[in-house]
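As they're listed, the protein sequences go chains A and B.
For the first sequence, the working numbering gives the first residue as 1304, with consecutive numbering after it.
For the second sequence, the working numbering gives the first residue as 13, with consecutive numbering after it.
Derived by calculation from the structure, the hints in this document are not laboratory data.
C-beta: ideal position from N, C-alpha, C; glycine also.
Among the hints, erroneous ones may be present.
Said to hold, decoys possible - Which residues of chain A face chain B? A partial, calculated answer using Cβ under 8 Å:
| id | residue |
| --- | --- |
| 1 | 1337 |
| 2 | 1380 |
| 3 | 1387 |
| 4 | 1426 |
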Amino acid sequence: MNVPQNYVNQLMAKITTWARVNSPWAIHFNSGSCNGCDIEILATLTPRYDIERFGVKLRGSPRHADVLICTGPVTRQARERLLRTYEQMPDPKFVVAVGSCGISGGVFQGCYNIVGHINEVLPVDAFIPGCPPRPEAIIDGIVKLLTHLQNGTRPEPITFAPQETA
Amino acid sequence: MTTETILQRAGEILAPFSKGNSTPETNRLDVQIEATDLPAATSAMLSNDLGYLSAITPTDLGKEVNKLEVIYHFCEGAAITSLRIHLPREDQPDIPSISDQIPVASFFERELGEMLGVHVVGTPDSSRLFLPDDWPEGVYPLREDFTIEQAAPVTPRETLPEMGRVGNKFTVPIGPQHPALKEPGHFEFAVDGEIITGARMRLGYVHRGIEKATEQRNWIQNLYLLERICGICSHTHTSAYAMGVEKLAQVEVPPRALAIREIVAGLERIHSHLLWLGVAAHEAGFDTLFMYSWRDRETVMDLLETLTGNRVNYSITVLGGVKYDFTAEHSRAIHKAMDYLEERIRYYLHIVTTDASFLQRTRGIGTMSLEEAKHFGALGPTARASGLERDVRIDSPYGAYNRFPVSLITAENGDLEARFEVRMKELLVSCFAIRTIVDNLPAGELAVRFPRKVPAGETISRVEAPRGEAFYYIKSGGGESPTRLKIRTPSLCNWTSALNKSIGHQLADVPMLIAGMDPCFSCNDRMITVRRENDSQTLSWSQMREYGIKKYAETRETK
Chain A
1304 MNVPQNYVNQ LMAKITTWAR VNSPWAIHFN SGSCNGCDIE ILATLTPRYD IERFGVKLRG
1364 SPRHADVLIC TGPVTRQARE RLLRTYEQMP DPKFVVAVGS CGISGGVFQG CYNIVGHINE
1424 VLPVDAFIPG CPPRPEAIID GIVKLLTHLQ NGTRPEPITF APQETA
Chain B
13 MTTETILQRA GEILAPFSKG NSTPETNRLD VQIEATDLPA ATSAMLSNDL GYLSAITPTD
73 LGKEVNKLEV IYHFCEGAAI TSLRIHLPRE DQPDIPSISD QIPVASFFER ELGEMLGVHV
133 VGTPDSSRLF LPDDWPEGVY PLREDFTIEQ AAPVTPRETL PEMGRVGNKF TVPIGPQHPA
193 LKEPGHFEFA VDGEIITGAR MRLGYVHRGI EKATEQRNWI QNLYLLERIC GICSHTHTSA
253 YAMGVEKLAQ VEVPPRALAI REIVAGLERI HSHLLWLGVA AHEAGFDTLF MYSWRDRETV
313 MDLLETLTGN RVNYSITVLG GVKYDFTAEH SRAIHKAMDY LEERIRYYLH IVTTDASFLQ
373 RTRGIGTMSL EEAKHFGALG PTARASGLER DVRIDSPYGA YNRFPVSLIT AENGDLEARF
433 EVRMKELLVS CFAIRTIVDN LPAGELAVRF PRKVPAGETI SRVEAPRGEA FYYIKSGGGE
493 SPTRLKIRTP SLCNWTSALN KSIGHQLADV PMLIAGMDPC FSCNDRMITV RRENDSQTLS
553 WSQMREYGIK KYAETRETK
């Protein structure tokens, strides 16, 4: 039987999208967070909120993960490790920044050991604001990301306005 | 011994070294000594059982005074004896090490070295504590004239070998990113087969520089900054800070506010211990217990949310009182939740002390005797599981703990099982204490007016966090922000014991041993070397990284 190559490609794309949307495995990286966001992410995985019903599973190795969930401002010591973790993830990969500190540096802006927010180090696809965000907000952020994946689009890139000098 | 006798005795013993005594507060004795007398004074304090080393406070007194100040705080019960040493304000003045007498001092001394630029003579390891690898030499963030421009990144020094082999011994690196713990910390375990022969750790991945930042923010802003030291014990930090600042400003906090603070502290302890129970069970491979305890933890989170509006950083404390009032509705909700929790906690207590397969992971693992706990300077439930009666809420009651005391829980065995037992029993105590306060809540104001400026002075405030004693040293210059704020959190003191106790155990026990002390990386960010082997190295990190990227690209191309 002679199947057109085009048809095979389309089918493969459909299957990968289906798999990606239904089992987005995640890895969690704390680059200087106070732990508040981290325990809320963990709470999101436990029975009350149970994000596993969307197929989200927290993995220990970046090699298994599709989504990098980052918390906290980026400290000078963690910057290299954050990049290294990102580099180890297979393509396509998505980054979610959880919490005010990950978005802007939060209360730690101007501290001597802070490089900045996560978008200054990595391209971030989804931002979940809050200090810390409620588990419902984290679920909402993840589901929004999944909707984009379903449509085969990446979320709009966000460009930050240049920081006002304090 | 009562507080008075301890202080009197300390005064007599330290008299030969003293260059001037003072009593800044009724429970404190401040002795000025020469740097060279420090080891002798420390050994006199220890041999007379007059306290454990709680913290070392490094301060730069500034250009005018032209001195550096290092204070060694020894606590016993409510009594605090401080050894105050002045050093010349030059590059790297000498101070002798006391790590040979007190192992935990090793952390504090390395902090002293890198943060203030003091040369600690004879300290076992003077490598980076919690500053990043690319931090320039000779720049000390706690010096008065430090500016962020001075700290421009430099090429990192050649980092320590992270993987290697000597004879039959291997070094196994774990972290900073690893599945067992949710926070970054780097460990290196030297193993002979499966048995650990040496342990080393490097923290600093979440070091943010909060102590310095407090000096640039005003008293009220600091409340919200310090709350974010740790998302798990945020209330501990705000209450310790508020308590100290209120003492300095001589503001009397209304009893109702103190009682509400204690309710929140109790709820925080319950949420923290249940969180720990889940994580520790997860390390043991008992995921069912993990899910159960986190499900039940949501009950407490709901209470905290109804009471304060937030699940994690509650922000209920304000300087001079609390923000939100407590109503009859809250009281009903709390009683109902406590009924449920008490039943569940009894069930968990039963599980962790009887489940045969779980006990194989906990019974007789990491056993720490009373003497060892004392020697390593353990704090909190880790110390109490070894029978060491150390709890700030009982030794030196603060806030509402005078009016609503809690009972002390200790265990004898000192192993992981005992730590589970102590924490579960403490939960029952907290539940009972919360019920008592809710039923007998004093009437009155919620907060009093707090001045914008705080009178000059210094104070120490100690609070029992879920993990042990948190120590705050607050110094005001009379302005709108503190001139120095030193924070010492309990996890820092417990690392020494956890790492030392891992030696001789199997590598597979490590996650449990680490989880057993309930570490909190965001609270303390330092590093320690217990023992290090000389290792060889085949690939440097940068080579390894390039290799990884190349390899990954190759596999992608061949697909």
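* To do: Mind checking the CB of residue 1380 of chain A against every CB in chain B and telling me if the closest is under 8 Å?
  => Check passed: Cβ of residue 1380 of chain A comes within 4 Å of chain B, closer than 8 Å.
Item to complete: With chain B as the partner, please determine if residue 1337 of chain A meets the hint condition of a C-beta pair closer than 8 Å.
Response: This interface hint holds because 5 Å falls under the 8 Å limit.
So, as I understand it, the hint says residue 1387 of chain A touches chain B; can you test that by seeing if any CB pair is closer than 8 Å?
holds (6 Å)
Given hint residue 1426 of chain A near chain B, where the shortest CB pair must fall under 8 Å = violated (17 Å)
Going through the hint list in order, the structure does not satisfy hint 4, though it satisfies all others.
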